[in-house]
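Participant: The listed protein sequences derive, respectively, from chains F and W. The opening residue of the first sequence carries number 1 in the numbering used here; numbering runs sequentially from there. The opening residue of the second sequence carries number 1001 in the numbering used here; numbering runs sequentially from there.
In case anyone wonders, no lab produced these hints; they're calculated from the structure. Predicted, not measured: the structure shown is a model, and the values here were computed from it. Careful, some of the hints might be misleading.
[Claimed, not checked] The list that follows gives simulated cross-link-like pairs (lysine-lysine, BS3-like), each with its CA atoms no further than 30 Å apart:
| no. | chain 1 | residue 1 | chain 2 | residue 2 |
| --- | --- | --- | --- | --- |
| 1 | F | K138 | F | K2 |
| 2 | W | K1076 | F | K223 |
| 3 | F | K199 | W | K1076 |
| 4 | F | K100 | F | K135 |
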Amino acid sequence: MKVAVTGLNNIDSPGPGVPVIRALKDSPDFKGDIIGLIYDSLEPGAYMKDVSKMNYLIPYPSNGLDALYERLESINEKENIDVIIPTLDSELYSFAKISKKLESIGIKTFLPTIDQLNYRAKDKLFEFCTKHDIKVPKNILATSIQDLYSIQSEFNYPVVVKGIFYDAYIVNNFDEAVTYYNKLSAKWGVPIIIQEYIKGDEYNVAALGDGKGNAVGAVPMKKLYITDKGKGWAGITINDPVLIEKSNKIISVLKWQSGTELEFVKEKGTNEYYLLEINPRFPAWVFLAVAAGQNLPYALFKLALGEEVEPFQSYSIGKIFIRYSWDLITDLKMFEEITVKGEINHG
Amino acid sequence: MSNYIVSSNLAISDSGFLFYPATGESFTLNQIGIFILNKLREGKDENAVIQSLVDEYDVDKNTAERDFTDFIYQLKQNNLVQES
């Protein structure tokens, strides 16, 4: 059995690939090899010998579907891949679009549909939540600096300025909003989402939907330490039935098929949860869910294979993750291999 | 005289480390904080807890009342107790 996983960019804003692989390997029932699929020759996961057996460079989504499919097809001729688990927001549309073709060459996936991806997209979230009676911060979709003038009339500073795929900044005035508008639109394109800032603690849920409206599992976590990029660098599993109920509702309404990370903020004072984002893949902290008793990535792998999966009924409360960084030392030979051949073999 | 209901599932260790599973928040209590919270969990009302403080510690009733009120305020602020 061979499973290919993307998102081995274990950097300061880490991709979920390495923890997803760690989760698969943590299952005593998993007997297989891991293939790493990387977009950059310096993705740290590709150099970690205990993570993947083989690693291949693949083209960025911006190179088009044909380039991606052809590369995967050629990798598959060598590796005979059984399942691919893409883990990055920006690639999911591409993988969802070629999933049928992948299946025709024997590669299974367990991905959200294009419609599901669209409903939860950052620029559609407000509409989705309003329709389904889920509390959500107000937002403006800005496609020009002109649109930023309406911030003042819609809500008060500070506001959150968000890129369509990644990155978010809290800004305190118009000038800062313009700065980050320019920065984010140059990087991710438009629209830029200007979101009402809700003051409170952040809570995230790692979950898995079976595609039929059921949550296979869901583990909520409170961020204990947040980096300047807004990433949780430490977190603790909590017991809040309200959060689980809200997560189950979202998964049910969307009939979500795949892993997800639901981001909430609990408003100080009212203690009401506001949904900030529905991320269409597992979070980088997903191994906390595994440690708490719900191996969601392994369950996704089984669903991709078409096997039945029993929903998880419980998880441990008070489990903590603390992320750390670590300097991996390697040789020029490794870097040469990936740069010249597009492959690293740890076999 | 007030009665207070301590939030369910609060985990308090002997060292005074308090974990609230519903929110993931943790707090540190001193010995008197532990004493008061445990009395509240036993169902004691405000007067009974204050009297226990006077009996247990070398403190007059006014000081015990003031400290109890301050502590209850902090517990309420953090949603750890509710007035019944």
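Participant: Hints first: check each against the structure and report whether it holds.
Facilitator: Taking the hints in turn, this is what the structure says about them:
no. : hint             : in the structure
1   : F:K138 x F:K2    : 44 Å, violated
2   : W:K1076 x F:K223 : 22 Å, holds
3   : F:K199 x W:K1076 : 19 Å, holds
4   : F:K100 x F:K135  : 35 Å, violated
In summary, the structure is inconsistent with hints 1, 4 from the numbered list given earlier, while agreeing with the others.
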